[in-house]
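Novice: In order, the protein sequences belong to chains P and L.
Mapped onto my numbering, the consecutive letters of the first sequence carry residue numbers 66 to 189.
Mapped onto my numbering, the consecutive letters of the second sequence carry residue numbers 66 to 189.
Hints are supplied without guarantee of correctness; some may be wrong.
Same chains, same names: a pair is fine if it fits in one copy or spans any two.
As the list claims (entries may be wrong) - With a straight-line cut-off of 20 Å between C-alpha atoms, the simulated SDA-like cross-links for lysine to any residue are:
hint, residue 1, residue 2
1, Lys80, Asp142
2, Lys176, Tyr91
3, Lys80, Ala143
Please keep in mind that the hints were generated in silico from the structure rather than gathered at the bench.
Number of protein chains: 2
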Amino acid sequence: MSVADIANGLVSLCKQGKFLDAVNQYYGESIVSVEAFGNEKMPAEMSGIDAIRGKNQWWAENHEVHGLEVAGPYVGDAGFAVKFNLDVTPKMTGQRMTMVEVGWYTVADGKISREEFYYNAPGQ
Amino acid sequence: MSVADIANGLVSLCKQGKFLDAVNQYYGESIVSVEAFGNEKMPAEMSGIDAIRGKNQWWAENHEVHGLEVAGPYVGDAGFAVKFNLDVTPKMTGQRMTMVEVGWYTVADGKISREEFYYNAPGQ
Numbered sequence: 066m067s068v069a070d071i072a073n074g075l076v077s078l079c080k081q082g083k084f085l086d087a088v089n090q091y092y093g094e095s096i097v098s099v100e101a102f103g104n105e106k107m108p109a110e111m112s113g114i115d116a117i118r119g120k121n122q123w124w125a126e127n128h129e130v131h132g133l134e135v136a137g138p139y140v141g142d143a144g145f146a147v148k149f150n151l152d153v154t155p156k157m158t159g160q161r162m163t164m165v166e167v168g169w170y171t172v173a174d175g176k177i178s179r180e181e182f183y184y185n186a187p188g189q
Numbered sequence: 066m067s068v069a070d071i072a073n074g075l076v077s078l079c080k081q082g083k084f085l086d087a088v089n090q091y092y093g094e095s096i097v098s099v100e101a102f103g104n105e106k107m108p109a110e111m112s113g114i115d116a117i118r119g120k121n122q123w124w125a126e127n128h129e130v131h132g133l134e135v136a137g138p139y140v141g142d143a144g145f146a147v148k149f150n151l152d153v154t155p156k157m158t159g160q161r162m163t164m165v166e167v168g169w170y171t172v173a174d175g176k177i178s179r180e181e182f183y184y185n186a187p188g189q
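Produce the entire structure from the sequences given, and follow the hints as far as they go.
Specialist: Listed below in structure tokens is the structure:
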């Protein structure tokens, strides 16, 4: 599967909110996931497909999604980038917010081997 | 000029640290530039090529660059994305730091019409 195939497949599933399906279909076993911020319970960098499935499940259970726009993918030989515009209410705060993030994905051996998330300030 | 031509040209100039040349060569007159963070003197969103030239000049004069890596571009129909790893000392603080950012560029009529910068936490 080409980088473009993986990129388009991931974007298609994300547009439907099927993040966990995207993980199951396109992520490698040794996936490394890097968030912009971390804390003691949820470190910024996690690795292994089970940990990433757990993070996705935690996110889905703890956020109410009002709106989601997905732009891209922009594709290269080594990977691809996708932009997410999210309108969500984290259950922890109850405060509805918009956030924009770019996912920077690295592909190796036909699977996503690394994802990195980059943020802009909320509301922009 | 295609989106890929612009993307590769910008990356080539950025790798040489020639950010202002990239602005002069590839940016449209009405360019909109969106940083992740702003303040009173330097708002997050600025527009117009003169303002963006001024921002680039300010940045060059106020940062000592020890190292710069540029990854990408990842390219699509509407634009492209580039990742920058920077090792810099802001003159204001004197504290050397690493930062990683992704630039998300929109192309219209053969020129870059919008740039948005997304950040990961320093040191990652």
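Novice: Against each hint, give a clear statement of whether it holds in the structure.
Specialist: Cross-check of the supplied hints:
no.	hint	in the structure
1	Lys80 <-> Asp142	between (23 Å within a copy, 18 Å between copies)
2	Lys176 <-> Tyr91	within (5 Å within a copy, 34 Å between copies)
3	Lys80 <-> Ala143	between (23 Å within a copy, 18 Å between copies)
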